[in-house]
Every structure is written in C-alpha cells, then in structure tokens.
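Undergrad: Residues per chain are reported as follows:
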Amino acid sequence: MILKSTLRRIGAALIVMIGISMLIFAIARVMPGDPARIALGPNATAEQVAALRFERHLDASLPVQYFEFLKALSRGDLGRSLYTNRPVTTDIAQFLPATLELVVVSAIIMVLIGLPLGIMSAHFRGRVPDHLGRLIALIGVCTPAFVWGVILQLFFGYFWPIFPIEGRLLETTPVPQGPTGFYLIDSLATGNVSTFFDALHHLILPALALAMSGLGQTARLTRANMIDVYDKPYVEMERAYGFKPFRIATRYAFRPAFIPTLTILGLEFAAMLGNAFLVEKVFGWPGLSRYGVEVIIRKDLDAIVGTVLIIAAAFLIMNIVVDILVGFINPRIRLAAGKG
Amino acid sequence: MTEAVLAIRDLRLAFGSRRSQSAVLHGISLHVRAGEKVALVGESGSGKSVTARLAMGLLQESPKVHATGSIRFDGIEAIDGGPEIARRRGNRVAMIFQDPTSALNPTFRIRGQFRDVLRSGGRRISVADADARAEAALAEVSIPDLKRALDSYAFQLSGGMNQRVMIAMALANRPALLIADEPGTALDVTVQAQTLALMHDLTEKRGTAVLLISHNLGVVREFADRVYVIYRGRIVEHGTTAQLFRDPLHPYTRALLAAIPKISGGGLPDLPERSPDFESPMITHEGCGEPQGFSA
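Residue numbers (this note's numbering), protein chains in the order written: chain E, 1 to 340; chain Y, 1001 to 1296.
Treat each hint with caution, since some may be false.
Stated by the list, open to error - Lysine to aspartate or glutamate pairs mimicking DMTMM-like chemistry, simulated, CA-CA at most 20 angstroms apart:
| no. | chain 1 | residue 1 | chain 2 | residue 2 |
| --- | --- | --- | --- | --- |
| 1 | Y | 1147 | Y | 1129 |
| 2 | Y | 1064 | E | 59 |
| 3 | Y | 1064 | E | 231 |
| 4 | E | 244 | E | 231 |
| 5 | Y | 1064 | E | 55 |
| 6 | E | 244 | E | 228 |
| 7 | E | 244 | Y | 1140 |
| 8 | Y | 1147 | Y | 1131 |
| 9 | E | 281 | E | 166 |
| 10 | E | 232 | Y | 1080 |
| 11 | E | 281 | E | 130 |
| 12 | Y | 1064 | Y | 1074 |
| 13 | Y | 1064 | E | 68 |
| 14 | Y | 1205 | Y | 1225 |
| 15 | Y | 1205 | Y | 1129 |
| 16 | E | 244 | Y | 1080 |
| 17 | E | 244 | Y | 1061 |
| 18 | E | 71 | E | 59 |
| 19 | E | 232 | Y | 1061 |
| 20 | E | 71 | E | 55 |
If you are wondering where the hints come from, they were derived from the structure by calculation, not from laboratory data.
Fair warning: this is a prediction, and the values are worked out from it, not measured in the lab.
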C-alpha cells in the first residue's frame, strides 16, 4: 500500500511537471528579445536570423511549438541550446552532476550538524549550550549563502589558506571518469584515493556555505519541535521511569519531533538547488545553476525550459522521497497505509 | 509499626524567578509506610500532583522550582532531586498517570519502551531477558496476546489495555512505592474501576506501598488505608479512611464529602470556592501522627 500511495504521488508529480513545462515554455517565449538574433549576434544578416527562426519553429504559434516540444521530449530530446549548439540533454548531463554533488554534500552537512545542534539546544533548554546553539542557528539562517561563501573563502582560503577557493579539482588532478559524474563517487569507484580527497577538499567550503542557512533552519525547527515534545505526558512518563536524559533527547523525544522537521528538511534541500547558483558563482563551480542563469540571460529557449524542468523534477522527487520517509518513521501513517 | 518508605517533612514549594515567586505548597508533611495505601485528596490546583512529582525528583531540575523541607525516600534525601533519586525512578519508585494512552510514546512500540523501563537505574539486561520479563509482567495484568501487545503502538491498543501496560511497567521492577496520579481519570468509569482493582490486588500481593493522588472520594474510600486531605497547599486533615469518612472534622473535608453527587438526586452540591473556615488548623485523627525521628 506504500507502493500504491507512492504511485499516486508520482502521478501527481507528473501532472505538476506538465503544468510547469507549459508555464516555463510560455514565459520563456514572451520574454522580450529575439532568441535567434541574440544567438547569432549583431553581425548576422536578417536572412540568417529568419532561417534560424524557421529551423526552430519560432514563427509557429505557441501550441504548435509546445506540441513539437512534447514530441521531441517523448524521444528524450530537450532540444538544442542556441548558445552551445549542443543538445540540451548533453549540457545538463555535463553540469548537473557537479550541482547535485554540491547539494547532496550540503544536505549531509545540514543534517549532520543541524540536527545535533537542535537536539542539544532542546536538551539544555534555557541554559548556555542552548543560547549558543540558537545564536549559531540564527546567524546561519540570517546570512545568505553567497555571503557565507565569501566569509569562508576569506578565512579559510586567504587568512588561513587551508582550503582551495575555486573549482572542483586541482588542475593537476586528472578528472575521474565514471558513470555518476560525482567526483567523490567516481574517484572511489576507480580506487583513486588522492583524487577523492582532492575533490572533497574542494567541496567542503562551497558545501558548507550552501548548507549554513538550511543548517540553522534545521536546528531551529528541531529545537522547537522537541521542546513541544518535551511537554508531552509520554516524556514525563519516560523521565518518571528512569530513562536516561541523553536517551530521551536522542531517541524518545527526537523521533516524534523529527516527523514535522523532516518535511521542512526536504524543502530546504530542494531550495538548495536554487541557492546553489550564487555559491557556484562565488566558488567557480561548474554547475547547472550557473548554466541556468547564463542561458536565461541569452534567452536560450530550449536550454531554459530544460534546466527549469530538471530542477523542478529534482524538487518533486525530493518531495516524494520525504513523503515516503515520513510515512516510514511515523507509525500512524505507515500502519494506516497498511490497512487501506 | 513498619518504617516509612516515603516521609515528606515540611515541604514548601514556590514557582517563579528569584525575585517574584508564588508559593504553592506551605509545609506539607506526609508519610507512606511499606505496603501501605495512602491517598492524597484534594481538588485540582491544591498541590497534590506537584507533591508527587517532587517526591520523584521530577521538578527540581527546573530553575523556576524552589523546594525546601525534606523528602526522605528509600534511605536518601530527595528534596533537591539529583542522581540518587533519578537512579531510583522506574525501579524503586514508579508512577501511573491519568491518561495511559498519552503517557506512552506514539512513535515507539511497547516493547522498546518496556526494555528501557527494565533498564532503569542503569541495570544491564539482555534483550531476550528484557522481553521475557516484559511478557511475564504483561501476563500478570491479564493481557491476552502478549507478543501482539508488545509489538503494538499505544494508539493501536484500547485505553484499558494501555492502562494495564502502564501498571505492568510500573510494577515490573518491584518498586517499593507506586505513585498513582489520578490513575485512569481519562478512562471510562468501568475500565477505571477494573484497572484500579487490578492495581490494588497486585500491590497488595507484593506489599508495594501506594500513594494515590485523587480527587475522587469514592475511589479513595475503596482503595486507601489512610487519607490526607490537601487544600491550597496545606494538609488540612489526616486520618485512617474509616475515621475520615465516618467523622470528618475539618470544615473543608466536610464540604468535600458533601460534594459527592448522590444517586438520590438533588444535583451536584456546591463546594464553595473559598471559605475562611477552610483555613482552620490541620486536624490529625487519633493514632495518625507523622512519625518522629524517622529514617526512611
């Protein structure tokens, strides 16, 4: 029955994807400026521009263009970038792994630091560790990711230069070849440990910069939800029955509090995909966010639609994963699903 | 006369910051002897529940709680809380709550929570042993399908079933004292009566002392050997159950007894909110003084 509800969610996500594709398809085309002219540059003749417009069906009506787009999409073809003159899928395949690797590592940092910080704050509510934890969380939330990027570069790349501030690898390190495009995974899969550590070394600062706001949000939510849970009768029962305070904090009060936190965590993760742009800019990270902005500035129609759809898909997939996880850790949902 | 398991002497409690405090308890003294069933009766807000929680050391951690006096339990002083009383929670002293269903964690099965109860006070016990003991404890409270109950979440069981689970958890480590705070008030009357009878039988059989916190005089009359009546943070009358119900002497106790609704009708008699008479001095019935020079 978990399968059934998952299928239902996937169905809903597909409908959302169709809506998004229509919307972005239309918006990209009503933006002022002629994409063919922008792509060919000011020196192109009117005939060249007209030829390109014809080739890309740019003179057809919107529904016809959309229909052509869907026809191509059914073959797994997102069209061609006017700018790089390569298939959009090729561009995305090149840039997406770098962004995903950054976002996934950020999410791991967010969870590994944010949750314990929130648990600590709730456990020591009103005392020094709590005040400290809340301060860190608040600063994390209030400061934009790109500012974190600059701060981290300044401190750990300039004053105390222990981390590189640009790129995914040293120029001397060969790019690991592998199926995922995640340098951490590909380098390990090929047994290349030094490449792995070089990639990790380059990842830490940008990932931390990107993680800070979600990390603060996670800590604050965890704290707030746990403090609610601490007032529940079952926590009093657990204390009255001699459960260890540490065990209550990390297990018995944490799990009920984690259920509402997890939903927001999923959204924070998805929001990172958007926030990643500025961080990628600051750290010269060759990712999809940077590509997305470049193509929007150049009004590269197919590339815009393709990029937006991929990010939307990542968002929706994340939502489905979170829903499944929530159902898994919340016995009420899990068992209700089992019955129906 | 057997020794007191719990002896509270001149317990005073105030809530609040250092500057502004509001007093809640004004010198409570009470004791419970081994195997004895003592009731603490009063209306809501009289201070009976906080007295019980202080006795278990559950409130003292909070910086807003200021307690003075003495709470002797099981040979230790618990007025300031601390690790000694914490180590005794769940095994030397246990507690049963108003609403058993909300007193069990909804995100864990009974089995896991029961294991932690059996491990209270830092006891080391293997998973297999813990489960065997949990099953034995559940069997004693007449739960039919032991394995199924252990593998259930509280919200899958009925209120009465959860109350049995709570009683089993409370008594699993053979505590010297069981504090029952309005047990089963959230349950319907029949189930409440059943589980109270069960609790009575089991504690009787094992010689477990019980401190029953209640506002229900009917329950107290059936359950307790001795009764303290508490009003606005003070004990106003203390006697054996027989003495107190036969011959209530304090004006507040009389008002309380008069407020028991009668089947013969006439509606619910009024209990005056406050009366100067209720502030009259405490009355102790014959043979019911607090033990002197106690060593609990």
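Undergrad: Run the distance test for residue 232 (chain E) versus residue 1080 (chain Y): straight-line Cα separation, threshold 20 angstroms.
TA: Distance ~23 angstroms between residue 232 (chain E) and residue 1080 (chain Y) Cα, so the pair is violated.
Undergrad: For a C-alpha distance cap of 20 angstroms, please report whether residue 71 (chain E) and residue 59 (chain E) respect it.
TA: 18 angstroms, holds
Undergrad: Hinted pair, alpha-carbon criterion (20 angstroms max): residue 232 (chain E), residue 1061 (chain Y). Please report holds or violated.
TA: 17 angstroms, holds
Undergrad: Is the Cα-Cα distance between residue 1064 (chain Y) and residue 1074 (chain Y) 20 angstroms or less?
TA: Not satisfied, since the Cα-Cα distance of roughly 26 angstroms exceeds 20 angstroms.
Undergrad: CA of residue 281 (chain E) to CA of residue 130 (chain E), is that 20 angstroms or under?
TA: Answer violated: residue 281 (chain E) to residue 130 (chain E) is near 34 angstroms, above 20 angstroms.
Undergrad: Checking one constraint from the list: CA of residue 244 (chain E) to CA of residue 231 (chain E), max 20 angstroms. Satisfied?
TA: Within the cut-off at roughly 17 angstroms; holds.
Undergrad: Take the C-alpha atoms of residue 1147 (chain Y) and residue 1131 (chain Y), compute the straight-line distance between them, and say whether it is at most 20 angstroms.
TA: With a Cα-Cα distance of about 9 angstroms, the restraint between residue 1147 (chain Y) and residue 1131 (chain Y) holds, given a limit of 20 angstroms.
Undergrad: Decide if the proposed pair is consistent with the structure: residue 244 (chain E) and residue 1140 (chain Y), CA atoms, cutoff 20 angstroms inclusive.
TA: 27 angstroms, violated
Undergrad: Holds or violated: are the alpha carbons of residue 244 (chain E) and residue 1061 (chain Y) at most 20 angstroms from each other?
TA: Roughly 14 angstroms separates the two Cα atoms, so the pair holds.
Undergrad: With the threshold set at 20 angstroms, check whether the alpha-carbon distance from residue 281 (chain E) to residue 166 (chain E) stays at or below it.
TA: 10 angstroms, holds
Undergrad: Assess, step by step, whether the Cα of residue 1064 (chain Y) is no farther than 20 angstroms from the Cα of residue 68 (chain E), and give holds or violated.
TA: 70 angstroms, violated
Undergrad: Is the Cα-Cα distance between residue 1064 (chain Y) and residue 231 (chain E) 20 angstroms or less?
TA: 16 angstroms, holds
Violated hints, listed in ascending order, are 2, 5, 7, 10, 11, 12, 13 and 15; each of the other numbered hints is respected by the structure.
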